[in-house]
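Two chains, each in its own frame: build the complex with the hints.
If you want the building blocks of each chain, they are given just below.
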Amino acid sequence: MLTIALPTGRVFSEAAELLMAAGLPASSLASPGRKLVIEEGDFRYILAKPSDVPLYVSYGAADLAFAGGDVLQESALPLVEILDTGRGRCRVVVAGPASLAERFRGHPSERMWLKVATKYPRIADNHFSSKGAQVDIIHLHGSIELAPKLGLSDCILDIVQTGGTLKANHLEVLEHVSDVSLRLVASKKSVALRWDDIRAVSRAIRSRCKEVRS
Amino acid sequence: MNRLPRGCANVGGDLAAAMEECKRVFLSLFEQWGYRPFLPSGLQLLESSWERLPSLFRQKLIAVNSPYGEPCCLRGDITLATVAYLASHHSPEERPLRICYSDRVYARAEKPRLAMESFQIGAELLGWERQGADAEMLFLLLRMLDEIGLEKSILLLGDATFLAKAVSEIEFSAAERIVGALQKGSLIEYAALLDEENIPDFYRAILQRIPELHGGPEVLEEAAALWGRGAPLLSLKNVVSTLTALGYGDRIAIDLSLVRELGYYSGPIFDVYSENYGQSLGGGGRYDRLLSLCGLQGQAMGFGLDLQHIASLSKFRTRSPSVMAWFANLSPDEALRRAERLATGGRPLEMSWCADRASSLENATQRGCSSWVDLSDGSTLDLATKADGRTLPGKEELPC
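Going line by line, the protein sequences match chains L and G. Read in our numbering, the first sequence has 48 at position 47, and its numbers run on one by one without any break. Read in our numbering, the second sequence has 218 at position 148, and its numbers run on one by one without any break.
Bound conformation, chain G alone (with noise of 0.2 Å):
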């Protein structure tokens, strides 16, 4: 048996079409969208990457030398080497720039995670300066969850500016302790920081109600009456009301005291979750910030989600059983012109070659093909009632 490096994996079988069927999904509503592919490089240079992800990304990079000798890491973030591409590669005229990817990125494993690479699929939109394009990139997300057969699942809605303002009057490393606790999940750290720490009170009063802010559209109002006037919450209010328009109400939830891994966000933020799996499929958010340090000026959304992941959840994880058509002793040509006509039928189907009718019949059942078809006589037997010794009843007749 082959070995595979440690941390790595083939993905084959039922899965791996699964993972297909999700991503012809996505990549072709998002394309029919004005969204246009993207494959950035496998390899990074360190020095344009290393300066705009947080050390907590960073200790995650793998770094390897290009057979060249320049220090690079495997793609660790796609966001970012797509952001890097469009600052370089596109004038400030031909924005807004809309992108969508489907790719292998890498990270170090580290327990409990042992995968050092998954796949991502994932959409950026760039250089449209109003609200629309945040609840554009939303409103594309949940429609592809519903089409791949995720319609119970949730957007998780935060606001990274909330945070960043509620910690503004701190002292540098005594807010970055403060997330840092927020970000762990250390609700019992982040109350000792809050104690500890020298924090206007009225600040103090926003940052203990931070982790409590959770729930329906009304938190934004229990939220906002604790700012007074000058709530930073005007961008996640608006997405709010427009994905509760186009009847998304459902599937959208708030959290205030939500923080993304990746420290470039500076807007909206959002993960997803599925109905019965625990941990986020993904998520994106505004990254404004990111885009002035690629030395570009304006608003930038986007997301990614582990292709795996959902995949696994979707409704292609059961692939539809295949017709298998024998070939008959027909000669080849003949065979697979008939073939081509039942395959247009949308099932998958596979060609059986066996010499005689019986082995072709037990490689069907074997292969646990639905039903079987003879492409000399379009004679077809539904293998599921094959047992019972029936045959369909009447035989069809192939369209040739």
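Here chain L stands alone, though its shape is the one from the complex (with noise of 0.2 Å):
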């Protein structure tokens, strides 16, 4: 039996709906009520936050997993990126009051001190320390957006899909840090022992994922 992490959320519908299209015995996913494990012909599926999928597959509780970009960046663990869906694209971005936009147009320097707030410290951290500027960083767990218009942070770092919940809130995108899709995910431990099943799963998803692209 193959074990699958699934995030719920924003993306689970999208990687339930590509695991059916693709073939997999995966109809259950398409109303799970309130379960968490759900096993269906050679596979269990795994519903867990987003942010915990990469732990599930790390310690093994998971062969597999499809996890955002961003939550696999921020976790950082040694996890083996078999395939890029391409679903759930978006982008991680900073994104503050217009009045900061010089800022960021200039040297590197001139983002020095600046106070940041995130659900992604890691990201942030790597990409603003990748530039030599230092900053605060503001941990948060969600409405990243209120937090420039509390005078809590002078500008964000967060997820983008179409820009509209930054418009609502008067900020603006001021830089781009990276791309982020749904990817197909795996321990190093599973890829090693057991590929024969992985790679036929990965090979389904992948021509599915060609099929809707073409």
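Bear in mind the hints are in silico, worked out from the structure with no lab data behind them. Small disclaimer: the values here were computed from a predicted structure and weren't measured. Even for Gly, the Cβ is constructed at its ideal location relative to N, Cα and C. Among the hints, erroneous ones may be present.
[To be verified] Only pairs whose alpha carbons sit at most 35 Å apart, straight line, appear in this in silico DSBU-like list of lysine-lysine:
1) Lys36/L to Lys222/G
2) Lys116/L to Lys254/G
3) Lys130/G to Lys235/G
4) Lys50/L to Lys130/G
5) Lys130/G to Lys120/L
6) Lys211/L to Lys235/G
7) Lys120/L to Lys254/G
8) Lys50/L to Lys385/G
9) Lys222/G to Lys50/L
10) Lys222/G to Lys307/G
11) Lys211/L to Lys254/G
12) Lys50/L to Lys116/L
13) Lys116/L to Lys130/G
14) Lys50/L to Lys254/G
15) Lys254/G to Lys36/L
16) Lys132/L to Lys254/G
[To be verified] Which residues of chain L face chain G? A few of them, derived with a C-beta cut under 8 Å, are:
17) Val58
18) Ser59
19) Gly61
20) Pro79
21) Leu80
22) Val81
23) Glu82
24) Leu84
25) Asp85
26) Ser188
27) Lys190
28) Val192
29) Ala193
30) Leu194
31) Trp196
What follows is the structure, given as structure tokens:
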């Protein structure tokens, strides 16, 4: 039996659709109710909080998982990224009020000591330190866009899909950090020891992703 | 409550006992095979570590100044310390050298890893120039894993030379990016780099297949076919055939995309996995290149395992409950003399110096002892069945 961890929330339905479209026995995922573990055919699906998904794989509770690129970067766990599904596309950006744009157009040193609110402290630290800018990182767990409005921070580092939430909060994109999409990942152990099973799943999903793109 | 520095931990209780048991099994097995214990210094000079470690590993070193003002780091890698010592303290005539160790290593705590110190057991074999040396090390490692109850653990075997040769015809920085992508586990980035970089078709075809070269010994044939003649797999094939002949065929798997964190490997490499845990318990491999960096020529093989991890998965994790021996108001010397004879039975023994029988029994129950002995007459009470009010049938006579 192959165990696949799926992130609940924003990308759950995309991951579930992808599995079904790839021909895997996953019809129960269409309406999982409150179940957190679902078994169908030779597969077990674990429904987990997105930020916990990499941990399930890393510790061996799941062989495979779907996880967003942002979550993978933030977790920094040694996983194997097998496939970019191209689904759930969004961007990690630094955003803030328009008045801050000038500082982001100038020398990186002008970003020094900015207060940055984010749910991705690791990505934020890597991003700003790669530019040699020391910033104050404020770790929040949600409603990041509120932080500059309430004077808690100068800017934010967050994921953006359409930009609608930023606009509604009078924020604009100041800097692009990275592109994010839904990835198929596995632990190094599973890749090495269950490669035939993983390859079959990966190929089925890959062919489905290609069909959608073409 | 005493606070510890962040990233540090005290280990006690059953886990500490299990770690000591695993360490004892490991050291006694390797010493039996001629490996000599080595206790490297906790502080290493930065100048002797820096050039020999890859940049990713250097970033994790914890730099400190010694009280004498010398720039140092807390020991981040025992192999390096061992090889440096052997290079400067043993003449070539003294080889082969066999070393085993059990000690702490230190690395900068970085999420998700919060610990700064960890316990490592390991062994090094330097100076044998034949294939048997690689197999010896892996055979003993598997024997040790068996003895601590990890009979279903797996050795994942790869070969650093295979990848090194596959990127040998590529411009250096591009080769570094390609190996880096594989090391990071990003097959997406790896595939993209193979498309982008200027790579001769022959090598591109091999590199494209590397992420799929997992499985049993048949993978070695598949990999060899990619090269035609001259596949850099001889050492690995020898290891696999020897371990298979020794009955360990079902305990090894091949992964030719394996890249170990330390960049000094130059031949067969391996990671150890247990049945029920996703992360590597440690690993090692051939490091002839490191040896040459230390001014030595020849073959070297070593490994390091995380002692805390293996102990937590070992058969020693659940400690057998002890026997409580009540001194029964005998003189301490007489009580200890009688208890000593009980202790030689192999089960852990705890003395009870309570003044009365009832308190001693209560204490034994609270401490989870399996049985209780009255040292005055040798009568034994099985604490598991005590609830039924029964004593063991017949009184065991103390051997005194």
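Here is what the structure says about each hint:
1. Under the criterion of a C-alpha separation no larger than 35 Å, the hint pairing Lys36/L with Lys222/G is consistent with the structure, at around 32 Å.
2. Simply put, Lys116/L and Lys254/G have alpha-carbon atoms about 30 Å apart, close enough for the 35 Å limit, and the pair holds.
3. For the given pair, Lys130/G sits about 28 Å from Lys235/G by alpha-carbon distance, which is consistent with the 35 Å threshold.
4. For the suggested pair Lys50/L and Lys130/G, the alpha carbons sit about 30 Å apart, so the restraint of at most 35 Å is met.
5. Between Lys130/G and Lys120/L the CA atoms are separated by roughly 25 Å; this keeps the pair inside 35 Å, and the hint holds.
6. Of the pairs offered as hints, the one joining Lys211/L and Lys235/G holds, with about 33 Å between alpha carbons and a cut-off of 35 Å not exceeded.
7. A threshold of 35 Å between alpha carbons decides the hint, and for Lys120/L with Lys254/G the separation of about 23 Å falls inside it, so the pair holds.
8. Note on Lys50/L and Lys385/G: the hinted pairing holds, with a Cα-Cα distance of about 33 Å set against a maximum of 35 Å.
9. For the hint linking Lys222/G to Lys50/L, the alpha-carbon distance of about 31 Å falls within 35 Å, and the restraint holds.
10. At most 35 Å may separate the alpha-carbon atoms for a hinted pair to count; Lys222/G and Lys307/G meet this at roughly 22 Å.
11. Only pairs whose Cα atoms come within 35 Å are accepted, and Lys211/L paired with Lys254/G is accepted, the gap being roughly 25 Å.
12. Pair hint Lys50/L plus Lys116/L holds up; C-alpha atoms about 28 Å apart against a cutoff of 35 Å.
13. Simply put, Lys116/L and Lys130/G have alpha-carbon atoms about 27 Å apart, close enough for the 35 Å limit, and the pair holds.
14. Annotation: proposed proximity of Lys50/L to Lys254/G holds, straight-line Cα distance about 24 Å (limit 35 Å).
15. Distance check on the hinted pair: Lys254/G and Lys36/L sit about 33 Å apart at the alpha-carbon level, within 35 Å; holds.
16. Between Lys132/L and Lys254/G the CA atoms are separated by roughly 22 Å; this keeps the pair inside 35 Å, and the hint holds.
17. For Val58/L, the suggested interface contact is upheld, since its CB lies about 7 Å from the closest CB of chain G, less than 8 Å.
18. At its closest, the beta carbon of Ser59/L sits 6 Å from a beta carbon of chain G; the interface hint therefore holds under the 8 Å criterion.
19. With a least beta-carbon distance of about 3 Å to chain G, the hint placing Gly61/L at the interface is held under the 8 Å criterion.
20. The interface hint given for Pro79/L is met, as the beta carbon of that residue sits about 6 Å from the closest beta carbon of chain G, less than 8 Å.
21. Annotation: interface hint on Leu80/L holds; nearest CB of chain G at approximately 6 Å, less than 8 Å.
22. Among the interface hints, the one on Val81/L holds; its C-beta lies about 4 Å from the nearest C-beta in chain G, closer than the 8 Å criterion.
23. With a least beta-carbon distance of about 5 Å to chain G, the hint placing Glu82/L at the interface is held under the 8 Å criterion.
24. Taking 8 Å as the C-beta contact cut-off toward chain G, the hint placing Leu84/L at the interface holds, the least distance being around 7 Å.
25. At its closest, the beta carbon of Asp85/L sits 5 Å from a beta carbon of chain G; the interface hint therefore holds under the 8 Å criterion.
26. The restraint placing Ser188/L at the interface with chain G holds, with a minimum CB-CB distance near 5 Å, inside the 8 Å limit.
27. For Lys190/L, the interface hint holds, the least distance from its beta-carbon to any beta-carbon of chain G being 5 Å, beneath 8 Å.
28. A least Cβ separation of about 7 Å between Val192/L and chain G falls short of the 8 Å threshold, and the interface hint therefore holds.
29. Contact between Ala193/L and chain G, as hinted, is supported at the beta carbon level, the nearest pair being about 4 Å apart and thus within 8 Å.
30. With 8 Å as the threshold, the beta carbon of Leu194/L comes within range of chain G, its nearest partner Cβ sitting at about 6 Å, so the hint holds.
31. Here the hint on Trp196/L is kept, as its CB sits about 4 Å from the closest CB of chain G, short of 8 Å.
When the structure is compared with the earlier hints, no violation turns up for any of them.
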